[in-house]
Amino acid sequence: MANDFTPILILVGLAAIICGAMVTLSWVLGPKKVTPYKSSPYECGVTPSGSARERFPIKFYLVAMLFILFDIEVVFLWSWLTVFVDPKMGSAAADLNFQVFSFVAIMVYMLLWIIGDWYVLKIDAINWDEEAALDAAKLGTVLEPLAEGDAA
Amino acid sequence: MKDIGQGIEWLSVNQPMTLAAIRVLLMVLPILVIVPGLIWYERRLLSWMQDRVGPNRTGTITLKNGKKIRTFGLLQPIADGVKLFFKEDITPATVDRVLYFISPAIALFPAFAVAGTLPWGPGYGTYGHLTPVWGSEIGVLYMLAISSLGVYGVVLSGYASNNKYSLMGGLRGAAQLISYELAMAMSLASIILVSGSLKLTEVVKAQEGQLWGVVPGIQNWFIFTPFGFLSAVIFLICMVAETNRAPFDLPEAENEIIAGYHTEFSSMKFAVFFMGEYAMMFIFGGIFGVVFLGGYNMLPIQWAELAANAPGYSFLHFMRDLNYWMAPLTFLGKCAAGMTFYIWLRATLPRLRYDQLMALGWKFLLPAAVANFIVSASWIMAQKLWGWQGAVGASIGAVLIAIGLYSAIRKAMNKGTTAMEKRSVELSEGTETIPSIRAVELV
Chain D
1 MANDFTPILI LVGLAAIICG AMVTLSWVLG PKKVTPYKSS PYECGVTPSG SARERFPIKF
61 YLVAMLFILF DIEVVFLWSW LTVFVDPKMG SAAADLNFQV FSFVAIMVYM LLWIIGDWYV
121 LKIDAINWDE EAALDAAKLG TVLEPLAEGD AA
Chain Y
1001 MKDIGQGIEW LSVNQPMTLA AIRVLLMVLP ILVIVPGLIW YERRLLSWMQ DRVGPNRTGT
1061 ITLKNGKKIR TFGLLQPIAD GVKLFFKEDI TPATVDRVLY FISPAIALFP AFAVAGTLPW
1121 GPGYGTYGHL TPVWGSEIGV LYMLAISSLG VYGVVLSGYA SNNKYSLMGG LRGAAQLISY
1181 ELAMAMSLAS IILVSGSLKL TEVVKAQEGQ LWGVVPGIQN WFIFTPFGFL SAVIFLICMV
1241 AETNRAPFDL PEAENEIIAG YHTEFSSMKF AVFFMGEYAM MFIFGGIFGV VFLGGYNMLP
1301 IQWAELAANA PGYSFLHFMR DLNYWMAPLT FLGKCAAGMT FYIWLRATLP RLRYDQLMAL
1361 GWKFLLPAAV ANFIVSASWI MAQKLWGWQG AVGASIGAVL IAIGLYSAIR KAMNKGTTAM
1421 EKRSVELSEG TETIPSIRAV ELV
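Chains as they are written, first to last, in the working numbering: chain D, 1 to 152; chain Y, 1001 to 1443.
Don't read these hints as lab results, they were simulated from the structure.
Treat the hints with caution; some may be incorrect.
[Claimed, not checked] Subject to a maximum C-alpha distance of 25 angstroms in a straight line, what follows is the list of computed DSS-like cross-link-like pairs (lysine-lysine):
| hint | chain 1 | residue 1 | chain 2 | residue 2 |
| --- | --- | --- | --- | --- |
| 1 | D | Lys-33 | Y | Lys-1384 |
| 2 | Y | Lys-1384 | Y | Lys-1205 |
| 3 | D | Lys-122 | D | Lys-59 |
| 4 | D | Lys-38 | Y | Lys-1205 |
| 5 | Y | Lys-1083 | D | Lys-32 |
| 6 | D | Lys-38 | Y | Lys-1087 |
| 7 | D | Lys-88 | Y | Lys-1087 |
| 8 | D | Lys-32 | Y | Lys-1205 |
| 9 | D | Lys-122 | Y | Lys-1363 |
| 10 | D | Lys-59 | Y | Lys-1363 |
| 11 | Y | Lys-1083 | D | Lys-88 |
| 12 | Y | Lys-1363 | D | Lys-33 |
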């Protein structure tokens, strides 16, 4: 009974129905009077300039990739967390043996984690400081200063 | 009371499906009912903190004899909700229609689904059949997974709106939510390590033992233990950031990006984002209560253990039974305390700058949570090997190593001042010329 998936399916289904109903009801119930001004994107009352489907800072993409890496590392820990205190290996000696072995293994794992985190912070992947982000030396190329004629 | 208990017993044997439906309704209906109340509570408490009155008129009925029935404005959010249902649902012409339609629903969904493994009462007796909705072995994992679904609502609504402010808000929201998700999962790691189970009822049970394993009569709530306290602080900061609340409300920072990811939404679609946010805040208060504050236990006192040694039906037995039967109210009280904390924070703290936000998440909370995890694992290992004297020595060593590593990282990170600091130093020393915008003003 406890491991039966029925309750969670009912809960997820009910939640989905409620969410769908909320969104659909307002769409059905409200009046519809479309005017050009209402249906333009809101840009503080100024005439909208172009689409928003443009380039955005690469930093956000970088953070998302780092999240996936680190989150998987956290998820790998979960299975060990539940067995470490009480491994139930059969005998006390076997328990201790497993605990010492797995503890050392996890500490090596965490050391790799720390090195990874240190590297990420070192290359300023999380640094939102404008000056650091645009530092030409960090980008690997030294930008040529603009010549007088190029400014125009 | 006894009949109800027997009825539930009968249902659990003969009609498990009906009982499952009852469990789900007992979880979902209170959330639906309580959200307008939460909005009212926030508005009233915030006004009180800001020396205002807040909504206090709606719902006052004047009878024929001049008597008034007051509800202190409690019906205000309901009136707002009814109004929002009948408002025009403006869909801008440039949006991605499918995503625009479903993204508010995605934002609301985790608020109802996240509490699926959260126990609001004891896991035995009558309440044992009613809670949690899903007595799963992976309760904490489920909770983290569902709560991180909220990021889809934010980033999809930002993208679908085809508005520059929305896109900016959505991107900010995505980066913020995933960054704090990490520290949150890592802070829970040391709790799971000690309680030895991902099941939330087991986490509560682990907190009913003796304080630090030695003090009799007092429950070992994780917030009283050193590692648990650090985890609690990290979790508390992360749960505020996860719900996009002040001081971490950058995805919807009004004075920078209008309303962020929900700029283009109107009528109930707009309100759905807020429903999700408020329900999520309330449930996060409950999660904090379950993981760190002993769940449904009213006070950190082991009534059951004390009563076992007492003769007859004494005060201790009465308190044990009271603690059992008041469990849902205690749980709701802990949720409400979490909500009050959120409102208090909103009234107190100014918003963070974006670089400060990312720095706090990645350079402080995440390393602190990892250090906490390593130290608590080392403590358990050392205690197993050398007893508690060895554990004290080993953990002091571990803490010193952690502090050394952390300060080394900090030193490496903060080599050289940030651009903003440099600028303010230069301005105060007068080495930088006056910025051009100032010059324009002066002209």
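Right, here's what the structure says about each hint:
1. Taken as a hint, the Lys-33 of chain D and Lys-1384 of chain Y pair is broken in the structure, with Cα atoms around 72 angstroms apart against an allowance of 25 angstroms.
2. Restraint check for Lys-1384 of chain Y and Lys-1205 of chain Y: the C-alpha separation of about 22 angstroms stays at or below 25 angstroms, so the hint holds.
3. For the suggested pair Lys-122 of chain D and Lys-59 of chain D, the alpha carbons sit about 15 angstroms apart, so the restraint of at most 25 angstroms is met.
4. As the CA atoms of Lys-38 of chain D and Lys-1205 of chain Y are separated by approximately 56 angstroms, the hinted pair breaks the 25 angstroms bound.
5. Distance hint between Lys-1083 of chain Y and Lys-32 of chain D is fulfilled; the C-alpha atoms sit about 15 angstroms from each other, no more than 25 angstroms.
6. Restraint check for Lys-38 of chain D and Lys-1087 of chain Y: the C-alpha separation of about 14 angstroms stays at or below 25 angstroms, so the hint holds.
7. Between Lys-88 of chain D and Lys-1087 of chain Y the alpha-carbon distance is near 60 angstroms, which puts this suggested pair outside the 25 angstroms criterion.
8. Using a Cα cut-off of 25 angstroms, the hinted pair Lys-32 of chain D and Lys-1205 of chain Y is violated, with the two alpha carbons roughly 55 angstroms apart.
9. Only pairs whose Cα atoms come within 25 angstroms are accepted, and Lys-122 of chain D paired with Lys-1363 of chain Y is accepted, the gap being roughly 11 angstroms.
10. Taking the CA atoms of Lys-59 of chain D and Lys-1363 of chain Y, the gap is near 16 angstroms; set against the 25 angstroms cutoff, the hint holds.
11. A threshold of 25 angstroms between alpha carbons decides the hint, and for Lys-1083 of chain Y with Lys-88 of chain D the separation of about 59 angstroms lies outside it, so the pair is violated.
12. Restraint check: the Cα-Cα separation between Lys-1363 of chain Y and Lys-33 of chain D comes to about 50 angstroms, which exceeds 25 angstroms; the hinted pair is violated.
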